[in-house]
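Turn these sequences into a full structure, and let the hints steer you where they fit.
Chains G and P supply the protein sequences, listed in that same order.
Letter by letter, the first sequence follows residues 34 to 361 in the working numbering.
Letter by letter, the second sequence follows residues 34 to 361 in the working numbering.
Nothing false has been slipped in among the hints.
You can't tell identical chains apart in this list, so a pair holds if it fits in one copy or across any two.
Below, simulated EDC-like cross-link-like pairs (lysine to aspartate or glutamate); rule was C-alpha separation at most 20 Å, straight line:
#, residue 1, residue 2
1, LYS45, GLU125
2, LYS291, GLU197
3, LYS291, ASP262
4, LYS50, GLU165
5, LYS253, GLU41
6, LYS291, ASP206
7, LYS253, GLU36
8, LYS50, ASP170
Just so you know, these hints were derived from the structure itself, not from any lab.
There are 2 protein chains.
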Amino acid sequence: MGEFDLIERYFKRPAHKAVLGVGDDCALLMPSPGMQLAVSSDMLVEGRHFVSTVDPARLGHKALAVNLSDLAACGAEPMAFTLALSLPRVDETWLAGFSSGLLRLADAHGCELVGGDTTQGPLNICITVMGEVPPGDALLRHNAQVGDDIYISGTVGDARLALEVFRGTQSLDAAGLEQARLRMEQPTPRVALGLALRAVANAAIDISDGLLGDLGHILKRSGVGAQIDTHWLQTASSFGNGQAAGITPLLAALPWNKRLEFALAGGDDYELCFTAPVNQREMVHAAAWESDTPVTRIGRITEAHGLVLLDPQGQPITRRFASFDHFA
Amino acid sequence: MGEFDLIERYFKRPAHKAVLGVGDDCALLMPSPGMQLAVSSDMLVEGRHFVSTVDPARLGHKALAVNLSDLAACGAEPMAFTLALSLPRVDETWLAGFSSGLLRLADAHGCELVGGDTTQGPLNICITVMGEVPPGDALLRHNAQVGDDIYISGTVGDARLALEVFRGTQSLDAAGLEQARLRMEQPTPRVALGLALRAVANAAIDISDGLLGDLGHILKRSGVGAQIDTHWLQTASSFGNGQAAGITPLLAALPWNKRLEFALAGGDDYELCFTAPVNQREMVHAAAWESDTPVTRIGRITEAHGLVLLDPQGQPITRRFASFDHFA
Chain G
34 MGEFDLIERY FKRPAHKAVL GVGDDCALLM PSPGMQLAVS SDMLVEGRHF VSTVDPARLG
94 HKALAVNLSD LAACGAEPMA FTLALSLPRV DETWLAGFSS GLLRLADAHG CELVGGDTTQ
154 GPLNICITVM GEVPPGDALL RHNAQVGDDI YISGTVGDAR LALEVFRGTQ SLDAAGLEQA
214 RLRMEQPTPR VALGLALRAV ANAAIDISDG LLGDLGHILK RSGVGAQIDT HWLQTASSFG
274 NGQAAGITPL LAALPWNKRL EFALAGGDDY ELCFTAPVNQ REMVHAAAWE SDTPVTRIGR
334 ITEAHGLVLL DPQGQPITRR FASFDHFA
Chain P
34 MGEFDLIERY FKRPAHKAVL GVGDDCALLM PSPGMQLAVS SDMLVEGRHF VSTVDPARLG
94 HKALAVNLSD LAACGAEPMA FTLALSLPRV DETWLAGFSS GLLRLADAHG CELVGGDTTQ
154 GPLNICITVM GEVPPGDALL RHNAQVGDDI YISGTVGDAR LALEVFRGTQ SLDAAGLEQA
214 RLRMEQPTPR VALGLALRAV ANAAIDISDG LLGDLGHILK RSGVGAQIDT HWLQTASSFG
274 NGQAAGITPL LAALPWNKRL EFALAGGDDY ELCFTAPVNQ REMVHAAAWE SDTPVTRIGR
334 ITEAHGLVLL DPQGQPITRR FASFDHFA
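Here it is in structure tokens:
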């Protein structure tokens, strides 16, 4: 199968939103009048972001999910994406699985595949996603205010737990591993929450390199500091809708130090970390309900720079947590 | 140097056109009212699209040029781009060269780097470019009309000639090699010509895989055929502005068969191939002058399907030419 047949068979579908989809030199989109365009690119490399044995449908899901997560963190509504794919060879089973996982998530978010590129080379997946947001409504990193509450969506740490099982430093039973592995391989982009937080949150980021490290970007950009509590790490709790909030029972079963490390600096969570004024607590709760997404309050923005982590007794924890850096 | 320092040092500059540039979860752009958004992604892989020894500044230029060439083929005006980069290691000399070549071309076209991603892995460069075009003005592949003239911009075949010198099948003196190599390593995206052809041409494509193969996409999409002349391959000619048109003297020095092969199926030319009604010849000439870009008329669109190549005496040439396919 050649390059053009491959695109035709696995990635070309009739354009709905786009004026012109896959198959010309460019795709053509008609932006909604008055809206800003939000754009983000992510590149996934075998051995770095995923293992070669990953289920291709899950990989297809994840490749788009990490991009949708960036739109979510800006409060943007997904519109379209391009896919550039470098493949060592044409493996039709792999392509069928990959495209099904990718397009299923795309359909769930009304985000249309409009173009891209395929080439031969080491496995590499690069997606650029485009979304829309009304001018002034985008959630940005630089707008955290002193006194803001700090929140996270969903749960953190399970993706890292799964990774450590694969590395052999942790063990889980089959059901536990499958649950953690799903969090690593098939993260849920918090698009609906991001949209619901548009007029509510002051600053937001998606947690990809580890909670504290990513929160650090908000602090640096906003010229503020933060106090982070750890009482929410003491037990697994559940949100009103029954979903786990903060950490799952899997993580709560770990020793305290591992729990801190995986939840606060685990990486690959693709949850949102955001700040909102104290007088918006009701609205944050409403946004969580509206988007059916658990939200946990984990701390507050301070005038004093730096990030202070408090143990459940309110005493500072001095241990340092490394954030993931691709070149560190 | 870590990932964030790397971005800060080599790729982050103040945003001019963009509402928000490099450094948040998404970039934010404000599309011009009423304009369509043209989007294209290209991925360049070491060993496939370039050799490891290529001058990094030229590679930076080429990585963006091949994307701008897609915008040119649609008649779109460049606006912004994202860059995703997988690097085996942080090599500051390489990064300085790469970013200088990339950003020099970006500046020349007012195309702003607004975001992207960096990761460790086999060298891979993925750029997604965005441009604007008035609704209905985009040059598309499916709109060639029976009777249209067929044109190419600039010259074709020199990039392939350079490649064959590196492969050892051809030889050139140092000056000739440098000239051909520049065409391979630093192609000129024909953006100004694309803009000037908006109301003039019926269909267009950029020549990346070889002239006949890429023209074939126009024919297939438009449901038409073509006759291609070869008299323009007999000698090097020059356009009114003194630039070579059709083929360069380097190519004209080759035996006839090699000349045909390199010019018609060479690949990596990044020239435009376009069709326009016969009554638009004056306008095509004016567009060429306005954009300071040589243009050569090479044939005509026919009702009979298929592509017929005529020798300088008007007799059909039966030889087949392979187009480049990444998985063939």
